[in-house]
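Number 93 in UniProt numbering belongs to position 93 of the sequence shown; there are no gaps in the numbering.
Since the hints were made in silico from the structure, they are not lab data.
Positions of the beta carbon are idealized from the N, C-alpha and C atoms, including for glycine.
Careful: at least some of the hints might be erroneous.
To be verified - Within a straight-line C-alpha distance of at most 20 Å, the following computed EDC-like cross-link-like pairs (lysine to aspartate or glutamate) qualify:
1. 142 with 116
2. 57 with 98
3. 142 with 98
4. 57 with 91
5. 142 with 108
6. 43 with 54
7. 57 with 99
8. 134 with 108
9. 142 with 99
10. 134 with 112
11. 134 with 109
12. 142 with 109
13. 134 with 150
14. 43 with 109
15. 142 with 91
16. 57 with 37
17. 43 with 103
18. 134 with 116
19. 57 with 40
20. 142 with 112
21. 43 with 81
22. 57 with 27
23. 43 with 58
24. 134 with 148
Claimed, not checked - Label pairs and their computed distance ranges (CB to CB):
25. 94 with 51: 19 to 25 Å
26. 68 with 112: 20 to 26 Å
27. 149 with 88: 20 to 26 Å
28. 20 with 57: 37 to 43 Å
29. 109 with 59: 22 to 28 Å
30. 59 with 133: 28 to 34 Å
31. 150 with 50: 33 to 39 Å
32. 31 with 119: 24 to 30 Å
33. 51 with 129: 37 to 43 Å
34. 44 with 151: 26 to 32 Å
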Amino acid sequence: MASCSFTAKEAECKSTMVPNWLELLREITANILQRLDTIEIVKSACQVCPLWWDICKDPLLWRTIHIRIPCMSLIHFNYQDLTRICCYAVERSCGHLEDINIEYSVTDELLEFIAENGRNLRCMRIFGLQLSDKGFIEALRKLPQLEEVDIS
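With these hints in hand, go ahead and build the complete structure from the sequences.
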């Protein structure tokens, strides 16, 4: 029969230890951060520590931009804030943007900015009540890789 090298008290202590998130491999941390909403990355995650800030500067983290507004967040964010966050994320992608999902009303100006800086965009889902036909068509001409478009 195998013997246990540590006591029950030591086992309990080890099982209740809080993990140190800074000890995770960089790739694992990046994978976790990629699963967050863009607002959460910009307003929270990148401010946690220097390592997370460094990971958040990687353009590949910004291949997918998802800006979702929970009902309670409308209190904290106005349209200009959301547009600034979106532009910041698009700029951070450094041309690697492939997928964008914006769940607030997109203007011609914002769509033009996305088109100018997202030449590799393949999938776009936007809420486009403020878009003109002309602005939409001009943006599409600048997105040769676009495969999927959903405008609500």
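Verification of the supplied hints:
Of the supplied pair hints, the one linking residue 142 and residue 116 holds, its CA atoms being roughly 7 Å apart against a limit of 20 Å. As the CA atoms of residue 57 and residue 98 are separated by approximately 17 Å, the hinted pair is consistent with the 20 Å bound. Proposed proximity of residue 142 and residue 98 is supported: the alpha carbons are some 14 Å apart, at most 20 Å. Distance restraint check for residue 57 and residue 91: the Cα-Cα separation of roughly 11 Å lies within the 20 Å cut-off, and the hinted pair is therefore satisfied.
With a C-alpha separation of about 13 Å, the suggested pair residue 142 and residue 108 falls inside the 20 Å cut-off, and the hint holds. For the hint pairing residue 43 with residue 54, the CA-to-CA distance comes to about 15 Å; that is within 20 Å, so the pair holds. At roughly 18 Å between alpha-carbon atoms, residue 57 and residue 99 fall within 20 Å of each other, so this suggested pair holds. For the hint linking residue 134 to residue 108, the alpha-carbon distance of about 9 Å falls within 20 Å, and the restraint holds.
Among the hinted pairs, residue 142 with residue 99 is consistent with the structure: their alpha-carbon atoms are about 15 Å apart, no more than 20 Å. Distance check on the hinted pair: residue 134 and residue 112 sit about 11 Å apart at the alpha-carbon level, within 20 Å; holds. Taken as a hint, the residue 134 and residue 109 pair is honoured in the structure, with Cα atoms around 12 Å apart against an allowance of 20 Å. Taking the CA atoms of residue 142 and residue 109, the gap is about 14 Å. The hint holds against a cut of 20 Å.
For the proposed pair residue 134 and residue 150, the alpha carbon gap of about 17 Å is at most 20 Å, so the pair holds. For the proposed pair residue 43 and residue 109, the alpha carbon gap of about 23 Å is over 20 Å, so the pair is violated. Between the alpha carbons of residue 142 and residue 91 the distance comes to roughly 16 Å, so the proposed pair stays at or under 20 Å and holds. A distance of roughly 16 Å separates the Cα atoms of residue 57 and residue 37; the hinted pair therefore holds under the 20 Å criterion.
Under the criterion of a C-alpha separation no larger than 20 Å, the hint pairing residue 43 with residue 103 is consistent with the structure, at around 17 Å. Among the hinted pairs, residue 134 with residue 116 is consistent with the structure: their alpha-carbon atoms are about 16 Å apart, no more than 20 Å. Among the hinted pairs, residue 57 with residue 40 is consistent with the structure: their alpha-carbon atoms are about 15 Å apart, no more than 20 Å. Straight-line distance between C-alpha atoms of residue 142 and residue 112 comes to about 9 Å, which keeps the hinted pair within the 20 Å bound.
Taking the CA atoms of residue 43 and residue 81, the gap is near 11 Å; set against the 20 Å cutoff, the hint holds. For the suggested pair residue 57 and residue 27, the alpha carbons sit about 14 Å apart, so the restraint of at most 20 Å is met. Only pairs whose Cα atoms come within 20 Å are accepted, and residue 43 paired with residue 58 is accepted, the gap being roughly 16 Å. Our distance criterion of 20 Å between C-alpha atoms is met by residue 134 and residue 148, whose separation comes to about 19 Å.
One distance hint, 19 to 25 Å for the beta-carbon pair residue 94 and residue 51, holds here, with the actual separation near 20 Å. Restraint check, residue 68 to residue 112: a C-beta distance of roughly 22 Å satisfies the suggested window 20 to 26 Å. For residue 149 and residue 88, the Cβ-Cβ distance of about 23 Å falls inside the hinted range of 20 to 26 Å, so the restraint holds. Take residue 20 and residue 57: their Cβ atoms lie about 22 Å apart, and the range 37 to 43 Å is violated.
Here the CB-CB span from residue 109 to residue 59 is close to 23 Å, well matched to the stated 22 to 28 Å. At about 32 Å, the beta-carbon gap between residue 59 and residue 133 stays in the expected band of 28 to 34 Å. Restraint check, residue 150 to residue 50: a C-beta distance of roughly 38 Å satisfies the suggested window 33 to 39 Å. Between residue 31 and residue 119 the beta carbons are some 25 Å apart, a value that agrees with the proposed interval 24 to 30 Å.
Taking 37 to 43 Å as the suggested C-beta distance range, the pair residue 51 and residue 129 conforms, at roughly 40 Å. At roughly 29 Å, the beta carbons of residue 44 and residue 151 sit within the given window of 26 to 32 Å.
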